[in-house]
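Those protein sequence lines, which keep their order, are chains A and B. Under my numbering, the first residue of the first sequence is numbered 1, with each subsequent residue one higher. Under my numbering, the first residue of the second sequence is numbered 1001, with each subsequent residue one higher.
Bear in mind the hints are in silico, worked out from the structure with no lab data behind them. These figures come from a predicted structure and were not determined experimentally. Think of the CB as a built atom: it goes at the ideal place given N, C-alpha and C, for glycine as much as any other residue. Treat the hints with care, as some may be off.
As the list claims (entries may be wrong) - Straight-line distance between alpha carbons at most 16 Å, and here's what the computed EDC-like set of lysine to aspartate or glutamate pairs gives:
{"hint": "1", "chain 1": "B", "residue 1": "1113", "chain 2": "B", "residue 2": "1143"}
{"hint": "2", "chain 1": "A", "residue 1": "3", "chain 2": "B", "residue 2": "1143"}
{"hint": "3", "chain 1": "B", "residue 1": "1078", "chain 2": "B", "residue 2": "1067"}
{"hint": "4", "chain 1": "B", "residue 1": "1093", "chain 2": "A", "residue 2": "87"}
{"hint": "5", "chain 1": "B", "residue 1": "1165", "chain 2": "B", "residue 2": "1127"}
{"hint": "6", "chain 1": "A", "residue 1": "159", "chain 2": "A", "residue 2": "87"}
Stated by the list, open to error - If you only want the chain A side, here are some residues facing chain B, beta carbon under 8 Å, derived:
{"hint": "7", "residue": "9"}
{"hint": "8", "residue": "13"}
{"hint": "9", "residue": "82"}
{"hint": "10", "residue": "113"}
{"hint": "11", "residue": "117"}
{"hint": "12", "residue": "188"}
{"hint": "13", "residue": "189"}
{"hint": "14", "residue": "190"}
{"hint": "15", "residue": "192"}
{"hint": "16", "residue": "207"}
What follows is the residue order along each chain.
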Amino acid sequence: MSKLIGFQTQPRIRKYELLPWILAIVVFFVLPEYLSLGAQILTYILFALSLDLITGYAGIVTLGHAAFFGVGAYTCGILSAKFGITDPIILLFVSAIVCALLGFSTGLVILRTQKLTQLMLTLAIAALCFEVANKATTITGGADGLTGVVISPILGMFKFDFLNKTAYLWCLLILFIFWYVIRRLIYSPFGIALTGIKENKQRMQAIGVPVTSFLLKAYTFAAMVAGVAGALITQTNQFVGLNVIGFEPSGEILVMLILGGVGRMYGAFIGPLVFLVAQDYLAKQFPEYWNLGIGLMLLIVVMFAKGGILGVIDKFFVKRSLQK
Amino acid sequence: MTPALQTIGLSKQFGALKVTDQVDFTLAPGARHALIGPNGAGKTTFINLLTGRLTPSSGQVKIIGNEATHLNESQRVKMGLGRTFQINSLFNKMTVLDNVSLGISERLGVSNKLWQSANTFTQLREESMEILSLLGIADIANETVQHLPYGKQRLVEIAISLGLKPKVLLLDEPAAGVPSMESGRILKALDALPKDISILMIEHDMDLVFQFASKITVLVQGAVLCEGTPEEIAKDPRVHQVYLGEPDE
Chain A
1 MSKLIGFQTQ PRIRKYELLP WILAIVVFFV LPEYLSLGAQ ILTYILFALS
51 LDLITGYAGI VTLGHAAFFG VGAYTCGILS AKFGITDPII LLFVSAIVCA
101 LLGFSTGLVI LRTQKLTQLM LTLAIAALCF EVANKATTIT GGADGLTGVV
151 ISPILGMFKF DFLNKTAYLW CLLILFIFWY VIRRLIYSPF GIALTGIKEN
201 KQRMQAIGVP VTSFLLKAYT FAAMVAGVAG ALITQTNQFV GLNVIGFEPS
251 GEILVMLILG GVGRMYGAFI GPLVFLVAQD YLAKQFPEYW NLGIGLMLLI
301 VVMFAKGGIL GVIDKFFVKR SLQK
Chain B
1001 MTPALQTIGL SKQFGALKVT DQVDFTLAPG ARHALIGPNG AGKTTFINLL
1051 TGRLTPSSGQ VKIIGNEATH LNESQRVKMG LGRTFQINSL FNKMTVLDNV
1101 SLGISERLGV SNKLWQSANT FTQLREESME ILSLLGIADI ANETVQHLPY
1151 GKQRLVEIAI SLGLKPKVLL LDEPAAGVPS MESGRILKAL DALPKDISIL
1201 MIEHDMDLVF QFASKITVLV QGAVLCEGTP EEIAKDPRVH QVYLGEPDE
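Based on the sequences and whatever the hints tell you, model everything.
Below, the structure is given as C-alpha cells:
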C-alpha cells in the first residue's frame, strides 16, 4: 500500500508520472486508426479522475456520477444541435458551469447523508437525469439519440476531422490541464483535509473543520470536471446517446476506477484504458459474449488484486526492492 | 473572572429518559477539574452537549462567557473548545505528524488552500513537533498511527487536540484502555500541559483523578450530586454510597 499524501510529501512530479503522456503521444503517431477509441479513453480517464477525487480521496460513495457526465454531454449537444452554439471552448465552458451548479445543488442534499443512504440518493439523481433525457424527446432525441450536433473548429483553426486527430489531441490537452489542477489539489492542504474526512469524519469535525462545506466544494468541482468530460465525448462523437447518462455509465466508471485502483490518481488512467481496450477487443472477437470477458476480468481483479491493477504493480515493486 | 465553561440548567432527554438533568456547572479559568460518576451517569452525554455533538433539550452552554448553545461542533472549536475521545478517534493511516498537523492547519486557516502544496507550510511541522516534544513522543512523529501501541495512540489523541490551541480542553477518559503501568505516562503528559488551559477531565481511574484534579464534580443519574476538593469528595458519604453501595437499612 503506497503511503497517503501528507503534509511532508514532496509534490514534485516523478518520472513515472510522465509515462501516460508519452504513451498518449506515441499512440497518436503509431496507431492513427485507433484515435477514435483513444479519444474515448482519454475522456473516460478524465471522468474517472473526477470520480477518484470524490470517492478515492474524499470518501463520497456515489453510483450516480454519470449524472454529471451525461448532463455535460447533453448540454453540449443540445446547445449545438438546437441553439446553434458550435464553438468547442464555449461549449465546454457552459457544460462545466451547468454541471457545477447541478453538483452544488444536489451536493447540498446528498452530502448530509452517509453510506447507503448517500449511495441511494446519488443513484436516484442519476436515474432522474436519465428519465429526463429519455422522455424529453423533443430536445434530447430520447432513445434515438441526439443528432445534428455540429462543432466548429477549435479557435477557428483546428477542424474536427473524421480520423479524430483533432479530437484526440483536444481531449489530451483538456485531460492534461485537469490532471495538473487535480494533482495540485491533492497535494494541497485542502486535499489532505479531504483524505482526513475520508479517514475520520468525526475527528475532522472535532478539530473544527466544516466537513460538509469541504465536501461540497470537492463535489461541485468533481461534477464540473465530469461535465467537461461529457462535453468532450459529445464533441468527439458529434452525437449524444442515452448511454452517457444514468445508472449504467455510473456503474461502469466506478468499475473502471476500481479496476485501476481507487484513491491513487493513476488508477483513473489505467482502469479506463484496460476496460475500454478489452471491451473493444472482446466486442470484435466475441460479439455476443464480450460482457462475459469483462465480467471475468473484474472477478479476477476483485478476488486476487486488492487495490486494483495499480495495487498489483505496487506489490511487485515492493517485492523486488525487498529482494535487492 | 469569566468562567471558562458554564452550563445553566442544561438538560437532555431522549424520550422519557432524562440523561442530563438541570446541570449547573462552572469550569474556572485554568482549572484542573474532574467529572466522575458511576457507569451510565451521563458523563459522555454531558461532554457531547458541551462540544455541540448533541443539542440540549433545554438550558444554556457558555464558552468563555459567550453564548454557544446553538453553535455546532466546529464553531465551538473556533471559540477555543478542544476535546479528546474516550475511544481513540485518529487518522489511522496517516503519520503522527500529519495527525497533529491537520488540526493546526485548520486553526491557521491553511486547510482552505487549494493550490499551494502542503509541504510548503513549514509552520505546521514546527508546531506539530513542539506539541509532540511536550508530550514526549517526538520520536514517533513519522510513524503511521495504526502501527503504534495503544498507549502511544492515546497520547496522539491528546496531541491532536493541543494543536487547536484550546483555551478549554475536555479530556474524555484519557487513560481508558491503557494498562495501569502506562497510565503514569499519561499523567506525566497531562502535567506538562500549559497551565492557562482550563481542563475538564472525565475519568474512571480514581488514582489519576485524585492526582490530577484540584476540584471534582460527581454526576449521578444525569444530575450533579456534589462538588468539592478531592479531600471533600473522598470523605463525602453520598459518594461512597453511590460508588460502593450501602447495606440495606
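Taking the hints in turn, this is what the structure says about them:
A threshold of 16 Å between alpha carbons decides the hint, and for residue 1113(B) with residue 1143(B) the separation of about 26 Å lies outside it, so the pair is violated. Between residue 3(A) and residue 1143(B) the alpha-carbon distance is near 11 Å, which keeps this suggested pair within the 16 Å criterion. For the hint pairing residue 1078(B) with residue 1067(B), the CA-to-CA distance comes to about 13 Å; that is within 16 Å, so the pair holds. A distance of roughly 46 Å separates the Cα atoms of residue 1093(B) and residue 87(A); the hinted pair therefore is violated under the 16 Å criterion.
For the proposed pair residue 1165(B) and residue 1127(B), the alpha carbon gap of about 10 Å is at most 16 Å, so the pair holds. At most 16 Å may separate the alpha-carbon atoms for a hinted pair to count; residue 159(A) and residue 87(A) meet this at roughly 11 Å. For residue 9(A), the shortest C-beta to C-beta distance to chain B is roughly 6 Å, which falls under 8 Å, so the interface hint holds. Hint on residue 13(A) is violated. Least Cβ distance to chain B is approximately 11 Å, over the 8 Å limit.
At about 36 Å, the closest approach between the beta carbon of residue 82(A) and any beta carbon in chain B exceeds 8 Å, and the interface hint on this residue is violated. With a cut of 8 Å, the hint placing residue 113(A) at the interface with chain B is violated, because the nearest CB-to-CB distance is about 17 Å. A cut of 8 Å between beta carbons decides the hint on residue 117(A): the least distance to chain B is about 20 Å, and the hint is violated. For residue 188(A), the interface hint holds, the least distance from its beta-carbon to any beta-carbon of chain B being 5 Å, beneath 8 Å.
With its C-beta approaching chain B no nearer than about 5 Å, residue 189(A) sits inside the 8 Å limit, and its interface hint holds. Satisfaction of the interface hint for residue 190(A) is found here, the shortest Cβ-Cβ separation to chain B being roughly 5 Å, below the 8 Å cut-off. Checking residue 192(A) against chain B: minimum C-beta separation of about 5 Å stays under 8 Å; hint holds. This hint holds: residue 207(A) has a C-beta 4 Å from the nearest C-beta of chain B, less than the 8 Å allowed.
Comparing the model with each earlier hint shows violations of hints 1, 4, 8, 9, 10, 11; every other hint is respected.
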